[in-house]
Amino acid sequence: MDKKIYLDNAATTKTRPEVVEAMLPYFTEKYGNPSSIYEFASQNKKAVDEARSIIAKSIGAETAEVYFTAGGTEADNWALKATIDAYSSKGNHIITSKIEHHAILHTCEFLQKHGYEVTYVDVDENGIIKLDQLKKAIRPTTILISVMFANNEIGTIQPIKEIGEIAKQHNILFHTDAVQAYCQLPINVDELNIDMLSASAHKLNGPKGIGFLYIRKGAKLRSFIHGGAQERQRRAGTENVPAIVGFGKAVEIAIATMKERNDKEIELRERLIKKVMSEVPYVRVNGHRRNRLPNNVNFSFQFIEGESLLIMLDMKNICASSGSACTSGSLDPSHVLLAIGLPHEIAHGSLRLTLSEDNTEEEIDYTAEMIKEIVDKLRQMSPLYEDYMKKKA
Amino acid sequence: MDKKIYLDNAATTKTRPEVVEAMLPYFTEKYGNPSSIYEFASQNKKAVDEARSIIAKSIGAETAEVYFTAGGTEADNWALKATIDAYSSKGNHIITSKIEHHAILHTCEFLQKHGYEVTYVDVDENGIIKLDQLKKAIRPTTILISVMFANNEIGTIQPIKEIGEIAKQHNILFHTDAVQAYCQLPINVDELNIDMLSASAHKLNGPKGIGFLYIRKGAKLRSFIHGGAQERQRRAGTENVPAIVGFGKAVEIAIATMKERNDKEIELRERLIKKVMSEVPYVRVNGHRRNRLPNNVNFSFQFIEGESLLIMLDMKNICASSGSACTSGSLDPSHVLLAIGLPHEIAHGSLRLTLSEDNTEEEIDYTAEMIKEIVDKLRQMSPLYEDYMKKKA
Amino acid sequence: MYTEKVMDHFTNPRNMGEIENPSGVGTVGNAKCGDIMRMYLDIDDNGVIRDCKFKTFGCGAAVATSSIATELVIGKTVQEALQVTNKAVVDALDGLPKVKVHCSLLAEEAIHAALWDYAEKNNITIEGLSKPKDDVSEEEEEPEY
Amino acid sequence: MYTEKVMDHFTNPRNMGEIENPSGVGTVGNAKCGDIMRMYLDIDDNGVIRDCKFKTFGCGAAVATSSIATELVIGKTVQEALQVTNKAVVDALDGLPKVKVHCSLLAEEAIHAALWDYAEKNNITIEGLSKPKDDVSEEEEEPEY
Ligand SMILES: Cc1ncc(COP(=O)(O)O)c(C=O)c1O
Ligand SMILES: Cc1ncc(COP(=O)(O)O)c(C=O)c1O
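Listed in order, the protein sequences are those of chains A, B, C and D.
Each residue of the first sequence is one higher than the one before, starting from 1 at the first, in our numbering.
Each residue of the second sequence is one higher than the one before, starting from 1001 at the first, in our numbering.
Each residue of the third sequence is one higher than the one before, starting from 2001 at the first, in our numbering.
Each residue of the fourth sequence is one higher than the one before, starting from 3001 at the first, in our numbering.
One thing to keep in mind: the hints can contain errors.
Said to hold, decoys possible - When the alpha-carbon atoms are kept at most 20 Å apart in a straight line, the in silico EDC-like pairs for lysine to aspartate or glutamate are as follows:
{"#": "1", "chain 1": "B", "residue 1": "K1390", "chain 2": "C", "residue 2": "E2020"}
{"#": "2", "chain 1": "B", "residue 1": "K1392", "chain 2": "B", "residue 2": "D1376"}
{"#": "3", "chain 1": "B", "residue 1": "K1113", "chain 2": "A", "residue 2": "D85"}
{"#": "4", "chain 1": "C", "residue 1": "K2053", "chain 2": "B", "residue 2": "E1386"}
{"#": "5", "chain 1": "A", "residue 1": "K45", "chain 2": "B", "residue 2": "D1314"}
{"#": "6", "chain 1": "B", "residue 1": "K1004", "chain 2": "B", "residue 2": "D1365"}
{"#": "7", "chain 1": "A", "residue 1": "K30", "chain 2": "B", "residue 2": "D1049"}
{"#": "8", "chain 1": "D", "residue 1": "K3005", "chain 2": "D", "residue 2": "E3018"}
{"#": "9", "chain 1": "D", "residue 1": "K3098", "chain 2": "B", "residue 2": "E1021"}
{"#": "10", "chain 1": "A", "residue 1": "K46", "chain 2": "A", "residue 2": "E62"}
{"#": "11", "chain 1": "C", "residue 1": "K2005", "chain 2": "A", "residue 2": "E39"}
{"#": "12", "chain 1": "A", "residue 1": "K217", "chain 2": "A", "residue 2": "E165"}
{"#": "13", "chain 1": "A", "residue 1": "K377", "chain 2": "D", "residue 2": "D3117"}
{"#": "14", "chain 1": "A", "residue 1": "K220", "chain 2": "B", "residue 2": "E1109"}
{"#": "15", "chain 1": "D", "residue 1": "K3032", "chain 2": "A", "residue 2": "D387"}
{"#": "16", "chain 1": "B", "residue 1": "K1057", "chain 2": "B", "residue 2": "E1267"}
{"#": "17", "chain 1": "D", "residue 1": "K3005", "chain 2": "A", "residue 2": "D314"}
{"#": "18", "chain 1": "A", "residue 1": "K391", "chain 2": "D", "residue 2": "E3018"}
{"#": "19", "chain 1": "D", "residue 1": "K3053", "chain 2": "D", "residue 2": "E3080"}
{"#": "20", "chain 1": "A", "residue 1": "K14", "chain 2": "B", "residue 2": "E1021"}
{"#": "21", "chain 1": "A", "residue 1": "K390", "chain 2": "D", "residue 2": "E3018"}
For the record, the hints were derived by calculation from the structure and aren't laboratory data.
Chain A with its partners taken away, still in its complex shape (with noise of 0.2 Å):
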């Protein structure tokens, strides 16, 4: 194919149109600094709150418990290092899962260097996470439990409703990563007891570089960025207006297609994993197979390893990962995929590919070609396939 095919859609996403175009006055025309007292410049506040409004609707929370950040990544730290500071006289104890983001598990490693204990609880074969060993990890201490919505690698949508009522009935502040599952899956913090609650925009079709937090009224909560009164004096920086409002603009429409959106990229995935599964031997498919992202394609591959798979697949212009985006670079094979159980191996030859709404059948269709084909040849190359095969005869 000569056209490029986006299967990377959890790594980012293509920022859309109607998004760019919201955005565009706020660079050249309106580009006033919202604080500012002349009308020219505070009514980029009157835009700034609209975003938090449509944001704050899109979860079932008020207006003003939505604050702005640079993205997924800074609304994790914060919750996670400005909690442990403004909890610290009740305890120091974190319990989280051994599949969280980077953005949760470094921050983590952070705070246990700095005198806190963090529980990382363990998940089953399919990612779930294990509730009676999160409920036992719980102490007099624990002042915060942080679990993911759905993970970014295998797809898997966590029980959140009955985290968030453990986490209340201890009366333990929740907040969860949903970097991955907001606007892809109705979010209502209320019915699900969530606390604090991470996002970030260009999941989302949205810009880059802008993301939120959200925290319940009531639970403290000290500034992780300080400086300026920005944000009600919770979160400093000139406001992002141009990328705000970019935001606010792209959940409206995530919102209003979510339905459509998560039916057509169903139906795609199941395509690609039926077709996938039954032409290539020695595969599996990872994370839970229904509760899991409606994007979201994750397979292991035995015998070979997923770099080679994935430059091949760029040289057939595929787009797609084998672990999360971050981490590529290293060597170790993705902390999720050990956590479910797999050996270094076959953890090694794992693909995620990640849909959207634009893909098409035929696209899902040449994908799963080349991915049979790749694998043959890698196989091929294959010294464990090689040995494999020996024994086999």
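Assemble chains B, C and D with the ligands onto chain A, guided by the hints.
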């Protein structure tokens, strides 16, 4: 005048059309995540590194010494908080000035609450830091000196070279918040012995939501935002590619046009100061008369209050500020004006006008006229003016 | 930021100025917090406020609250004027930003101060009026860091 | 990410496959770190490497370094082959990303392992060759948090 006269370029600037042009392809066409392995996305890594290289060159740094952030505030927070962590075995003392931006001051307050000690060095009546006091403040436990390059309110430029030398002699890290100075003044980090430098794109006709922290090679520095491996594992979060590319473009233009802009701005600045000083009684210019940013004018008008003045200027289509934009909403007069020794009631009557090369002589003359008219009107309303006149009579 | 009403009273302040030989005059606030209000009252023999004028050093809200306060008390008796609360001032302006509500308190206090001056000059006691502080402060929401 | 040379050797690997009854065969690396290389050598009676083939489980760089390594040793004597360092491999590929340099070490080690096997089978000692570890690791730059 029908046309808006924008005189608040220290709050934020118009994004240049060329900058927007440079950014646009990265939203809807080249939207890939730079960390991804496929060519479609990895070309964005090149775009990011090109911008980084332009910026590094602009301050005489190496490319690998420039780390992108979400703005000046994040860069300031990072420089202070993460340094503390890396050098905590050496000491817990920071030296800064009384007239720093809140991004520094509030961060210092946060650090003080966490067991660190901060000395706030005085400035003289022109806003120049007292070097003898700074020297005396140095202790064996001093790990960082942070002094802004140029002040955002009164435009005073600090003796950065001298401060850099003092820091070097004492083997103390030197950070400068150059958010207002960067691309307005020539800066060479080696000549000035600067170890860390913060800057923000939206102050120099670049986009909002992007800045950088320069960190000299060899300086120990920890991450402030933890997560993925972006920015050489120092600053996590999906790269804001369009904004980074726009930042690079804005710097390229700003550096090329610096001399020309400076000349024009200084001419307009002096014209405005001369007009107002000659036509309005009971007024003073704040900040150093020579060592000041080319585009900064700061007046204090006796007997009147700044917000009223701003609103009335706004009604005449003139956009100005009475202090730092971030602090409007606060009732206290500017900490900078108090630090240079102004009494409260004089500090309250201050007006900041920050020009750009786009301003015209006509605009300046009109502005001076409106200032005279409005100041007159407000003085007629002022009980302080009434008392003063009665006493005088 | 401000309602139309506030902007109207700020840009076209009513009853701005002085009253010569006023029945009472009161000044409240201080330059430190950036607001000073002075109210002049002209009160007739029946205790009715015939005229009221103000001078104000302060923000837009300070000017507007002074202006509307003069309108609210003119024609009222001293007792009635005493009932003009800061809430009445805020309502008459269709609201004020939260950080500016203290200006309306200042307006209330300025009226009281002028009435106090009137009472003292005339050696009378006005029921319900106590000596006003000449500074008005209010608890502010402390930012948490 | 990769040079043209690397991409060329990755997509059109030279000498990929097995040699039946090889003079020596060596496998290094491990699945844990995601790279396994196997080298087959066919060495004539004069100790000249007549043929060399490889199989590799690993990333693009691992495949490319295997491929170029076979080219570098074919036609060489055992002693000459021993001098093919990982640096030679990297240079022949016009460079490798820093995180991938370990692949070139692996290629060097794979050759050594195959030579060791050849030496053992023939009961000879090759000067300068010591028993290879079958795992190759390298110090990595530790990220600081
Ligand atoms: C689950 C999850 N959390 C956090 C992040 C970080 O988001 P961002 O890159 O916008 O900072 C990502 C994406 O990279 C993610 O998938
Ligand atoms: C001196 C100074 N430092 C820091 C900042 C903060 O920059 P930003 O708003 O881009 O975070 C500003 C501008 O607001 C500034 O003028």
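Hints, one by one, checked against the model:
Proposed proximity of K1390(B) and E2020(C) is supported: the alpha carbons are some 13 Å apart, at most 20 Å. Among the hinted pairs, K1392(B) with D1376(B) is consistent with the structure: their alpha-carbon atoms are about 18 Å apart, no more than 20 Å. Proposed proximity of K1113(B) and D85(A) is supported: the alpha carbons are some 11 Å apart, at most 20 Å. For a cut-off of 20 Å, the pair hint linking K2053(C) to E1386(B) stands: about 14 Å separates their Cα positions.
A distance of roughly 16 Å separates the Cα atoms of K45(A) and D1314(B); the hinted pair therefore holds under the 20 Å criterion. Taking the CA atoms of K1004(B) and D1365(B), the gap is near 14 Å; set against the 20 Å cutoff, the hint holds. Between K30(A) and D1049(B), the direct Cα distance comes to roughly 29 Å. Violation of the 20 Å bound is thereby established for this hinted pair. Proximity of K3005(D) to E3018(D) is assessed by CA-CA distance (about 23 Å); at most 20 Å being required, the pair is judged violated.
Taking the CA atoms of K3098(D) and E1021(B), the gap is near 34 Å; set against the 20 Å cutoff, the hint is violated. Our distance criterion of 20 Å between C-alpha atoms is met by K46(A) and E62(A), whose separation comes to about 16 Å. Between K2005(C) and E39(A), the direct Cα distance comes to roughly 16 Å. Compliance with the 20 Å bound is thereby established for this hinted pair. With a CA separation close to 18 Å, the supplied pair K217(A) and E165(A) stays within the 20 Å bound.
Under the criterion of a C-alpha separation no larger than 20 Å, the hint pairing K377(A) with D3117(D) is inconsistent with the structure, at around 28 Å. Using a Cα cut-off of 20 Å, the hinted pair K220(A) and E1109(B) holds, with the two alpha carbons roughly 19 Å apart. Distance restraint check for K3032(D) and D387(A): the Cα-Cα separation of roughly 17 Å lies within the 20 Å cut-off, and the hinted pair is therefore satisfied. For the proposed pair K1057(B) and E1267(B), the alpha carbon gap of about 28 Å is over 20 Å, so the pair is violated.
For the given pair, K3005(D) sits about 17 Å from D314(A) by alpha-carbon distance, which is consistent with the 20 Å threshold. Our distance criterion of 20 Å between C-alpha atoms is met by K391(A) and E3018(D), whose separation comes to about 16 Å. A threshold of 20 Å between alpha carbons decides the hint, and for K3053(D) with E3080(D) the separation of about 17 Å falls inside it, so the pair holds. Taking the CA atoms of K14(A) and E1021(B), the gap is near 17 Å; set against the 20 Å cutoff, the hint holds.
Restraint check: the Cα-Cα separation between K390(A) and E3018(D) comes to about 13 Å, which is no more than 20 Å; the hinted pair holds.
In the structure shown, a violation is registered for the earlier hints numbered 7, 8, 9, 13 and 16, in ascending order.
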